[in-house]
Amino acid sequence: MRSRLMVTMLLALLMVPLVPPARAQNALVVSIWGGNWKDTVDKVVGRPFTARTGIPVEYEVGGTIDRLAKARVAKGSPLVDLNFTTTHVARLYISDGLYDKLDLAKLPNSKEIAREAFRSDFHIGSWAYVYTVVYRPDLVKEDITKWSDLWKPALKGKLALPDFDPSHIITIAALMEGGNEVNWQKGEARLKQLKDSVAAFYSTDAQSQDLMKTGQGPVQVMLSVNAYHLQEQGIAVKVVQPTDYPGVVGIDTVAVMAGTKQADAAHQFINLALSRDIQSELVRTLRVGPVNAGATVPASLKGQPGIFLSPAEWKERGYIMNDEARAKNLPGWREWFTANVVKK
Amino acid sequence: MKLLLLPALVVLAVFAAALAALFRWSLLEFVPGSLQTGGLTLANLRGVLAPQYLGAIRDTVVLSALTTVLTLVAAYPVAYALARTPSRRVRSAILVLTLAPFFTGAIVRTYAWVLVLGNTVLAWPVPMLFTERGVLVGLVHFSMPTMILVLAAALSHIDPVYERAAASLGASPARVFRRVTLPLSMPGIVSGGLIVFAWTLSAFPTPELLGGGRVKMIANVVKDLGLDSFNWPGAAAFAMLALALTLALLTALGRLAAGRPS
Numbered sequence: 001m002r003s004r005l006m007v008t009m010l011l012a013l014l015m016v017p018l019v020p021p022a023r024a025q026n027a028l029v030v031s032i033w034g035g036n037w038k039d040t041v042d043k044v045v046g047r048p049f050t051a052r053t054g055i056p057v058e059y060e061v062g063g064t065i066d067r068l069a070k071a072r073v074a075k076g077s078p079l080v081d082l083n084f085t086t087t088h089v090a091r092l093y094i095s096d097g098l099y100d101k102l103d104l105a106k107l108p109n110s111k112e113i114a115r116e117a118f119r120s121d122f123h124i125g126s127w128a129y130v131y132t133v134v135y136r137p138d139l140v141k142e143d144i145t146k147w148s149d150l151w152k153p154a155l156k157g158k159l160a161l162p163d164f165d166p167s168h169i170i171t172i173a174a175l176m177e178g179g180n181e182v183n184w185q186k187g188e189a190r191l192k193q194l195k196d197s198v199a200a201f202y203s204t205d206a207q208s209q210d211l212m213k214t215g216q217g218p219v220q221v222m223l224s225v226n227a228y229h230l231q232e233q234g235i236a237v238k239v240v241q242p243t244d245y246p247g248v249v250g251i252d253t254v255a256v257m258a259g260t261k262q263a264d265a266a267h268q269f270i271n272l273a274l275s276r277d278i279q280s281e282l283v284r285t286l287r288v289g290p291v292n293a294g295a296t297v298p299a300s301l302k303g304q305p306g307i308f309l310s311p312a313e314w315k316e317r318g319y320i321m322n323d324e325a326r327a328k329n330l331p332g333w334r335e336w337f338t339a340n341v342v343k344k
Numbered sequence: 345m346k347l348l349l350l351p352a353l354v355v356l357a358v359f360a361a362a363l364a365a366l367f368r369w370s371l372l373e374f375v376p377g378s379l380q381t382g383g384l385t386l387a388n389l390r391g392v393l394a395p396q397y398l399g400a401i402r403d404t405v406v407l408s409a410l411t412t413v414l415t416l417v418a419a420y421p422v423a424y425a426l427a428r429t430p431s432r433r434v435r436s437a438i439l440v441l442t443l444a445p446f447f448t449g450a451i452v453r454t455y456a457w458v459l460v461l462g463n464t465v466l467a468w469p470v471p472m473l474f475t476e477r478g479v480l481v482g483l484v485h486f487s488m489p490t491m492i493l494v495l496a497a498a499l500s501h502i503d504p505v506y507e508r509a510a511a512s513l514g515a516s517p518a519r520v521f522r523r524v525t526l527p528l529s530m531p532g533i534v535s536g537g538l539i540v541f542a543w544t545l546s547a548f549p550t551p552e553l554l555g556g557g558r559v560k561m562i563a564n565v566v567k568d569l570g571l572d573s574f575n576w577p578g579a580a581a582f583a584m585l586a587l588a589l590t591l592a593l594l595t596a597l598g599r600l601a602a603g604r605p606s
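Protein chains in written order, with this note's numbering: chain A, 1 to 344; chain B, 345 to 606.
Keep in mind the hints are simulated off the structure, nothing from the lab.
Some hints here could point you the wrong way.
Per label pair, the in silico range of CB-to-CB distance [as the list claims (entries may be wrong)]:
1) B:L363 with A:K192: 48 to 54 Å
2) B:L594 with A:A339: 25 to 31 Å
3) B:A360 with A:Q233: 46 to 52 Å
4) B:A360 with A:A74: 21 to 27 Å
5) A:L104 with B:V355: 27 to 33 Å
All C-beta atoms in this analysis are idealised placements derived from N, C-alpha and C, irrespective of residue type, glycine included.
Full structure from sequences and hints, please.
Put into structure tokens, the structure is as follows:
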């Protein structure tokens with residue numbers, strides 16, 4: 001009797017991690033990055049959504065790849081209903097059949113969305129930003145106005161680049177040599193010339209901001225959102241709108257998970273997130289660029305890198321990589337970049 | 345009685361299943377731009393033998409060995425003081441200072457080193473941050489508390505009578521230490537050395553933050569392949585290779601330690 005009780009208790013203990021966390025009935029579960037991203041989406045989209053529909057919203061937070069891995073193991077019976085991720089990582093979800101096709105009839109606000117934000121039949125842009133040159137004028141004597149300035153000898157030992165995703169600098173180097181992200185090899189020689197200029201490579205947004213704050217990496221290829229965040233914190237960084245080649249656009253996207261039982265609610269949530277009012281609020285809070293052309297942008301952000309307000313601005317002030325090429329090339333790019341630029 | 349083995353067997357089965365899954369992944373073909381994998385292949389295992397990955401393995405082993413030696417040298421005097429001081433206050437103070445880093449967490453400690461090793465607080469004559477030197481400093485600091493505690497435990501088991509006997513027979517303090525204290529504390533040195541070496545082999549946050557992307561150890565490469573390149577088969581292959589290497593090194597060191605003269 002006692003041994004049977006022991007076995008039962010042991011099995012019960014083993015089952016604990018397998019039981020999914022309790023969710024409110026009919027809650028819409030949104031997968032998103034943690035910290036400011038989740039807090040802002042909850043405040044700006046989630047709470048108004050609940051107020052309008054009565055459907056509670058819960059969040060599954062984590063890093064880009066953690067959430068992708070979770071989605072993969074839960075394929076067919078998703079733990080979340082709706083997913084935010086970067087546009088090229090969304091291609092991995094799509095390749096594995098993890099997203100449902102979007103029903104545009106259920107997204108009337110999508111009529112106001114910039115053409116560039118329609119990434120595929122499965123995912124749609126929620127906001128935009130750029131990777132551009134950002135620097136601290138108090139630590140760098142010469143003005144930086146162009147991408148090509150990064151190659152100046154004066155910046156030797158001052159540059160910090162992302163090594164988790166070198167696609168931006170690889171694309172820019174290729175553009176400078178008459179190529180693009182598809183025939184990126186054209187920029188190889190130019191990229192190698194950057195090797196001695198780099199003080200550090202960063203793997204996370206937090207590292208990037210720390211390098212800028214401490215002055216260890218006072219010139220960076222940096223996410224515009226992070227640069228504006230530093231400015232808010234009183235760090236005098238200059239966000240460059242390069243005059244030779246545009247900033248490299250990043251688009252975060254939202255999609256409905258395949259197999260969700262909350263597809264209608266998920267579409268309602270996306271539709272709300274794409275509305276003018278919510279987009280205006282997202283711009284104000286996150287310092288991102290709106291995908292809804294009718295969104296209101298604070299005067300301080302108008303014309304700034306990553307804030308596109310018209311079809312012409314999307315085209316002229318930003319370079320949008322081909323998502324599929326980026327997703328396919330990234331592993332090879334990283335390998336080449338590590339061997340030829342990162343390694344001393 | 346056999347039933348009592350059940351929890352251990354379950355844990356063993358879970359670990360074995362995880363390792364088997366990892367091994368299976370290492371043999372699957374990586375398809376760039378997709379989560380789908382291809383058929384069985386040895387390409388991933390061959391791929392991790394590329395110079396840059398072998399370089400990471402070499403750096404890991406060298407950094408682990410240096411960390412072990414430097415930690416031992418730095419920790420021994422502290423452990424000796426902790427074990428031998430007659431003052432309870434001094435012992436408490438050393439113990440508190442030794443244990444304090446445990447309460448701050450690896451990330452916080454490493455971020456503190458980012459500030460110290462950079463040029464914002466001190467002007468270093470040679471670059472420290474984002475170099476192997478800086479990573480080594482961080483690893484030694486991270487390993488110190490454990491090494492001190494292991495050595496102090498070994499030293500406290502040495503009966504001071506042996507040292508007094510050697511001294512009464514005319515041995516100088518240095519000779520007493522070299523011929524009596526050091527050999528008798530060898531079990532602590534071996535245990536502490538093995539612990540520090542083993543966990544430095546799997547160090548992640550210290551090289552990640554203090555290496556500035558330039559210093560990559562095994563765990564950093566696994567993370568790069570798996571999380572940044574989406575190359576899960578490649579990451580699994582590298583993890584398997586690292587696991588085999590770690591087991592081989594620790595087995596060799598264990599045998600070396602077991603075969604030492606008593």
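(message) Just to be sure I understand the hint, the distance between the Cβ atoms of B:A360 and A:Q233 should be within 46 to 52 Å; is that true here?
(response) Holds: the Cβ-Cβ distance is about 49 Å, inside 46 to 52 Å.
(message) 27 to 33 Å was suggested as the range; check whether the CB atoms of A:L104 and B:V355 agree with it.
(response) violated (51 Å)
(message) Is 48 to 54 Å respected by the C-beta to C-beta distance linking B:L363 and A:K192?
(response) violated (40 Å)
(request) Check the following: the C-beta atoms of B:A360 and A:A74 are separated by a distance inside 21 to 27 Å. (result) With Cβ atoms ~24 Å apart, the hint holds.
(request) Starting from the range 25 to 31 Å, see whether the pair B:L594 and A:A339 falls in it by beta-carbon distance. (result) holds (30 Å)
In terms of the numbered hints stated before, the structure departs from hints 1 and 5, listed from lowest to highest.
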